[in-house]
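S.K.: Quick note, the sequences are listed as chains A and B, same order. Numbered according to the numbering used here, the first sequence spans residues 1 to 334. Numbered according to the numbering used here, the second sequence spans residues 335 to 775.
Any given hint could be a false lead.
Residues from chain A shown here face chain B by an in silico Cβ test under 7 Å; the list is partial [claimed, not checked]:
| # | residue |
| --- | --- |
| 1 | Q69 |
| 2 | V73 |
| 3 | R74 |
| 4 | P76 |
| 5 | N78 |
| 6 | V79 |
| 7 | P268 |
Listed next, with one range per pair, are the computed distances between beta-carbon atoms [claimed, not checked]:
| # | chain 1 | residue 1 | chain 2 | residue 2 | range |
| --- | --- | --- | --- | --- | --- |
| 8 | B | G669 | A | E30 | 53 to 59 Å |
| 9 | B | D519 | A | P271 | 22 to 28 Å |
| 10 | B | D519 | A | E294 | 45 to 51 Å |
| 11 | B | D506 | A | P185 | 35 to 41 Å |
| 12 | A | D287 | B | A775 | 54 to 60 Å |
Rather than coming from a laboratory, the hints here were simulated on the basis of the structure. Where is the CB? At the ideal position from N, CA and C, for every residue including glycine.
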Amino acid sequence: MDYGRIGSCCKIAHRCRSLVNFTVSPRAIEFLDVAKKLWASWDPRREGEVPPDRFWDASSARTIDHEGQFFHVRGPLNVPRSPQGHPVIAQAGASEGGIELAARHGEIIYCNILSRPAGQAFTKKVKGKAIEVGRDPFAIRIVPGLVAIIGETREEALRKHELFSGTGSEDGLLARFAKENGIDPATFDPDAVLEAERFVPDQNRQWAVGMGLGLSDLLTHEKLTARQAVRRSEGHHRLVLGTPEEVADQIIDLWQDGTVDGYTLQPPRAPDDIEEFVEKVVPILQDRGVYPREYEGRTIRDRYPFPTRIEQDWRDRTDRNERCPLQGSLPVSI
Amino acid sequence: MSKTLHLTAFMRPVSLHTGAWRYPGAYADANFNFGHLKSFIQKLERAKFDAFFMADHLAVLNMPVEALKRSHTVTSFEPFTLLSALAAVTDKIGLAATASTTFDEPYHVARRFASLDHISGGRAAWNIVTTSNPDAARNFGLSEHVEHGERYQRAREFFDVVTGLWDSFADDAIIRDQESGIFFDPEKLHVLDHKGEEFSVRGPLNIARPVQGWPVIVQAGQSEPGKQLAAETAELVFAAPRDLATAKALYADIKGRMPAAGRNPAHLKILPAAMIVIGDSVDEAKAKRAHLDSLVHYDSAIASLSIALGHDASGFDPDAPLPDNIPDTNASKSGRAQVLRLAEQEKLTVRQLAQRYGGYAGLALIGTPKTIADEMETWLNEEASDGFTCVFPFLPQGLDDVTEKLVPELQRRGLFRKDYEGSTLREHLGLSRPANRFFPA
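With the hints as constraints, model all of the structure from the sequences given.
M.R.: What follows is the structure, encoded as structure tokens:
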């Protein structure tokens with residue numbers, strides 16, 4: 001209907017996590033198996049000219065007769081194959097179960113990556129698992145959340161950060177950090193290097209495990225004080241602060257070496273920060289040739305040129321441009 | 335004030351007639367082409383229709399593949415995605431979607447309709463169905479179909495949960511006070527905490543109370559439990575009686591049950607589904623219908639006639655009248671009598687009769703704009719209906735004939751609005767906005 005601009009996001013409901021930690025993921029994986037079978041229940045060759053005396057060739061749709069552990073579904077779907085075959089599958093959730101789902105079915109992976117080493121480790125984990133289950137790792141795009149705060153100067157961006165966060169000052173940001181992480185304000189030294197182990201989330205907690213992993217991963221790979229750490233993330237996602245040029249530099253930085261494939265922009269305020277990003281940062285990315293000036297193709301799938309078959313083992317390919325055929329573009333999805 | 339008609343358009347499928355897509359000049363893909371559907375709803379809105387109505391099925395239609403392969407309704411849009419898109423290209427016309435109480439969850443349904451009502455500025459309606467297609471069960475992990483009575487029991491509780499969820503927030507709960515930083519008043523949020531026979535739903539809904547309080551409640555209302563459910567819950571009924579006499583009886587029956595259910599009969603509009611075929615003369619309209627029927631393939635037509643007769647008709651001479659002495663069976667005596675009466679009245683051959691049943695056998699208003707307006711006026715004045723759910727014979731011409739020829743005639747007679755007076759579907763239908771059961775005004 002809208003020519004294939006749909007992405008389908010699969011998430012495991014948080015409420016189920018504590019009860020059925022070991023069974024939720026298999027259900028989600030089977031759910032996607034069934035959805036894909038239903039989307040494929042019509043012959044793609046049906047597209048095209050309709051014979052004069054019939055609307056539909058009965059032989060072109062098949063029942064799927066799925067009999068699984070969680071679902072029994074006969075099919076076929078009563079909607080034919082969509083312009084992009086099936087919607088792009090977006091996945092979020094970096095717990096073990098989430099990574100399993102990402103590896104088996106995810107195409108666009110939304111996550112929180114706060115640093116290069118943490119991002120590379122995450123990417124290796126997801127794509128490695130994908131290879132284990134027989135998928136082409138090029139069919140997976142890592143697009144972590146990104147919070148950009150733009151100022152005329154870096155100082156202005158810092159003040160905006162303090163304002164938008166509701167804390168009002170750097171001291172306010174530090175106080176929030178201490179509170180969120182259960183640190184006693186009496187003994188809190190904002191200029192002491194933080195220990196990563198202190199920030200590892202409990203795998204059994206009810207709230208999303210992956211969110212808490214971002215900070216501990218960051219601290220594992222970089223020696224940071226609380227004063228530095230509070231400027232590295234906002235709402236658990238990577239924070240990039242500064243002038244439009246500085247923001248663009250940081251965006252390109254993690255993309256250039258393949259740590260990430262793009263970003264999911266999370267503007268602090270709508271519509272102002274969306275407009276500011278579009279007017280000030282996007283033109284820089286376009287001038288540097290990493291972001292398209294026009295939409296390429298009609299469907300969202302066209303914008304993420306996923307391979308249709310396994311061409312060669314991805315580990316053989318070290319050159320970024322060959323590894324990821326983005327034609328020098330950087331997909332920033334809002 | 336003299337009574338006026340309400341008109342809705344039955345749009346899934348865009349035509350119930352199985353020959354519709356083969357009619358000369360018709361869009362063969364009218365039922366599954368977003369551009370066409372957008373133009374249809376905009377035409378209906380220019381003609382001031384009350385609502386655009388989407389039936390729904392949760393499976394490919396349950397019919398033999400020989401008939402199915404000739405069906406233009408084998409693929410249709412899912413109602414919420416379509417109506418959300420159509421809400422963005424219209425301003426006034428109501429948007430009615432079907433959601434099943436058998437294969438869906440009250441929280442999902444409450445949320446989708448509340449969302450559509452906000453997106454459309456108060457134009458959503460929920461057609462409550464209990465889903466009779468046995469193939470649907472097999473798409474939802476059930477090997478056998480849920481029994482009829484049980485489905486209605488579940489539907490009644492489903493309705494209570496959905497409307498309770500819509501009432502989660504008081505109308506004035508969302509204050510968005512930027513000074514104090516308080517977004518909503520927690521005193522004005524109700525946690526439903528429903529625990530019943532069929533459902534356990536905690537709530538609250540995570541959507542503000544719908545613009546209309548509740549989206550308008552729609553029911554087919556034909557079977558016995560269906561009529562009772564309609565009397566208890568529905569605000570719009572589109573049951574399709576076959577003639578004026580049965581329509582009057584149904585109208586009196588459903589409205590007669592309402593006082594016992596504590597409801598005012600004026601708070602329900604009965605709009606029977608009727609196919610409307612318009613010609614410059616009555617004969618021309620009849621010829622259009624005959625041509626439309628002739629486009630129904632004989633194989634699927636004869637199967638439909640056999641079902642209506644309760645007897646295999648495939649051995650009959652297609653070009654002769656219905657033979658005498660068709661053996662009696664237990665199956666559907668009244669249906670069989672109706673077939674015999676129709677064959678007699680219109681002097682139809684077996685082929686024509688079969689194509690009538692295989693095409694569209696329901697109520698049809700066939701004639702000139704004047705004769706059809708006369709009929710509609712009679713139905714309205716004799717309390718057979720409060721208006722009609724228009725079924726189009728083919729598109730776009732059949733729809734254009736209604737909006738460009740019939741509607742102006744009705745407007746001339748003062749039987750139909752010349753412009754919308756309100757902006758919500760409730761206002762179009764003259765229905766009051768329900769009070770919040772947890773936060774009385």
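S.K.: Hints first: check each against the structure and report whether it holds.
M.R.: Each hint tested on the structure:
no.	hint	result
1	Q69	violated, 11 Å
2	V73	holds, 5 Å
3	R74	holds, 4 Å
4	P76	holds, 6 Å
5	N78	holds, 5 Å
6	V79	holds, 6 Å
7	P268	violated, 16 Å
8	B:G669 x A:E30: 53 to 59 Å	violated, 44 Å
9	B:D519 x A:P271: 22 to 28 Å	holds, 27 Å
10	B:D519 x A:E294: 45 to 51 Å	holds, 47 Å
11	B:D506 x A:P185: 35 to 41 Å	holds, 40 Å
12	A:D287 x B:A775: 54 to 60 Å	holds, 59 Å
Hint violations for this structure: numbers 1, 7, 8, all remaining hints satisfied.
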